[in-house]
Amino acid sequence: MKELTLGTMVAVFEEIFGRGLFWAMVAIAVLVTLAYLFVLIRDRSVSWKKFLLAQLSMPVGAVFAVLFVQGVTDSSFADIGGPVDVIILLGIALVGAIGMAILVYTLEALIGSRRTQTG
Amino acid sequence: MLDRRQFLAATALAGMAAGLAPTVGMAQTGPISTNARIIIIGAGAAGTALANRLVRRLHGASITIIDPRANHLYQPGLTLVAAGLKPADYVVSETTDWLPSDVSLITEAVVAVDAVSRTVDTADGQSHSYDWLVVAPGLVLDHDAIEGFSLDMVGQNGIGALYAGPEYAARTWQAASQFIDEGGVGVFTRPATEMKCAGAPLKHTFLIEDLAEKAGNRSRMNFVYAAPQGSLFGVPIVAEKVRMLFGQRDIAPVHNYTLKSVDAGRKRATFTTPSGDAEMAYDYLHVVPPQRAPDFVLESDLPWADRWVGQGWLEVDPSTLQHRRYPNVFAVGDVAGVPKGKTAASVKWQVPVVEDHLVAAIDGRDGTEVYNGYTSCPLITRVGRAMLVEFDYQNNLVPSFPGVIAPLEELWISWLMKEVALKATYNAMLRGRA
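These protein sequence lines are chains A and B, in that order. Mapped onto this note's numbering, the consecutive letters of the first sequence carry residue numbers 217 to 335. Mapped onto this note's numbering, the consecutive letters of the second sequence carry residue numbers 2 to 435.
Bound conformation, chain A alone (with noise of 0.2 Å):
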C-alpha cells in the first residue's frame, strides 16, 4: 500500500460491499453503539444479569465470525500458515465476540426478558 490514508480505507471498504451496504452497515454499527450507551446512561450502572447473557453469547459470535469469513473467501483452518494468521483469526474473532455481546446486550436492554425486566 502506498497511502493507507482513512480516505483509501473507506474507498475500498466502499469498493468491498457497495457505497450502499457499506453505509448502511456502518449506520447499523453506529446505531447499535448509540442505543448501547444509551441504555448504559440511562440505566447508570451495567446490569449484570444482562451482561450474563451477552457474556454467553461471545463464544457464538466469534465462531459465526471466522466461519463467516472463511465462508466467502474459500479457505479453512488449514490455510494458517504464521504467526500473524493466528492473530488475524483471533482478532476476527474477538471483533466477532464483542459484536455480539454489546448486540445482545443492547437488545435485551430494549426489548427486555421476564428474567432481566427487573434490572
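No lab work stands behind these hints: they were computed from the structure. A quick note: this is a predicted structure, and the numbers were derived from the prediction, not measured. Hints are not guaranteed to be accurate.
Each pair of labels, with its calculated beta carbon distance range [said to hold, decoys possible]:
1) B/R57 - A/A243: 26 to 34 Å
2) B/N36 - A/A240: 41 to 49 Å
3) A/V276 - B/D143: 50 to 58 Å
4) B/V93 - A/A240: 20 to 28 Å
Where chain A lies over chain B, by a calculated footprint (3+ residues, C-beta under 8 Å) [as the list claims (entries may be wrong)]:
5) 383-395
6) 410-420
Glycine included, C-beta positions come from ideal geometry on N, C-alpha and C.
Guided by the hints, dock chain B onto chain A, whose structure is given.
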C-alpha cells in the same frame, strides 16, 4: 456534563467530521486552468485511473480517451476464474462504468500515432490532434506465434490459456478440471518475451496442483513447469523460494524450454531448446503466448530501438515514464518500456507519477514524483494461501507491512487480501481514489 441530546449531537458531528476528513486530506493544490488537448490511448486500468485523476487536477482541458472495447476486464481475477473459484463475469464490467463524465470516449481502434505531427489516427479514418499523449493500450497476446495453436482450441483436448480473457479463463478451468479428474501429465508454460504478471503462470500451476491434491488424485499426476528462462522468477530471492516450493510439491521445472508448437490431436507440445527441438506429451497444457506492443505502437517512432527488439515497448524514462525523445508523450501500464512489472500494482504506482509529471509540464514546472519500479504479486500457492511478494527495479523486496506480513511466507492473510481487498482496491484505483 452532557445531557443525552447534546451527547448524541456531538457523536453525530464527530462521525461527520471523520467522514469529511479524507476529502480534505486528499485535496491537492487547486486545479490548473488550461486548454491543453490530452489524448489517452486505452481505457484499461492505467488509462481509466489516470483520466479520473486528471479531471480533478485540470480545469478546462480537453481529455479524450480512445478505446474500442465495451468491456473493462479486471485481469488480476483471471487466475481465480481459471481455477473454478470465480465465475467469468467476476472480471467483467463496462468501460463506461468507470470513466468521468467530462472525458470524451472514442470507441474506435487506434491505427497510427505520429509523434512528430502529434496526431492519432483511428480505424474510422479520423485524425485526432493532441498536445499531450498518454499511451496505455496494454499489450497483445501473440497466440498466432505458436504453431498449431488457436484460441478456439481452449477448453478441449486438455488445452488451457487463461490470459486470453474471461471466457477463455473459464474454458481453461474446464480443461484443467478434467485433468484433475482423469490424471496424467500437466505441462505449464510461459513465454520468452516480457509478459503480464509473471506470477500468473506459477499461480495457475500451484492452484491446479493444490486442487488435484485436495481431490485425492495427485498420485496419478505429474506436473512440469517449462520456462524459457534459466530461473523461475525475475527476482532471484523469489525464484529460489519458488524453486523450493516446487521441490516440496513435486513440480518439475524444465529450463530453457520455449513453447513453439502444439499438436492438439496427438497431445504433443514442441519446445525450442538450446539442443534443438524437444517434444513433450501432455494431458493438460497451459499456453502463455509471446507478448508484444500493439501494431500501431510497433509501427510508430515510440518504441525502444535497441531494447526488447520486436516487442515494441515505449522508450520512456523508468523514473518518470515520460518519453525520452518526445517529452509530450507518456506511457503507463503494460506498454511502458521499463524493466519490471506489467501488473495492476505497477499501474497503481505509475499513474500518480505520470499525473504529477504531466500536470507539472502543462503548468510549466518539473514534476517531483519518482517511480521506483514497485510492483507486487499476491503469489497464490494454494487455495487459501499466498505470498505477498513486492519488489522494485533493483530486485529488492519492498514489503508494505514489514515485520507483520512476511513476503516469502505462504499466509492466509495474503490470500484474504487477494480475495477480499484486491478487487476493491483495484476499483478504487480506477476511480482515482487509491
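Hints, one by one, checked against the model:
In this structure the hint that B/R57 and A/A243 lie 26 to 34 Å apart at CB holds, the actual value being about 28 Å. For B/N36 and A/A240, the hinted distance range of 41 to 49 Å is satisfied, since their beta carbons lie about 43 Å from each other. A hinted range of 50 to 58 Å for the beta carbons of A/V276 and B/D143 is consistent with their spacing of about 56 Å. Taken as a hint, the range 20 to 28 Å holds for the pair B/V93 and A/A240, whose Cβ atoms sit roughly 26 Å apart.
For the stretch 383-395 of chain B, the stated coverage by chain A is satisfied: 4 residues place a CB nearer than 8 Å to a CB of that chain, which reaches the threshold of 3. For the stretch 410-420 of chain B, the proposed coverage by chain A is satisfied: 8 residues have a C-beta within less than 8 Å of a C-beta in that chain, meeting the threshold of three.
In this structure, every one of the numbered hints holds.
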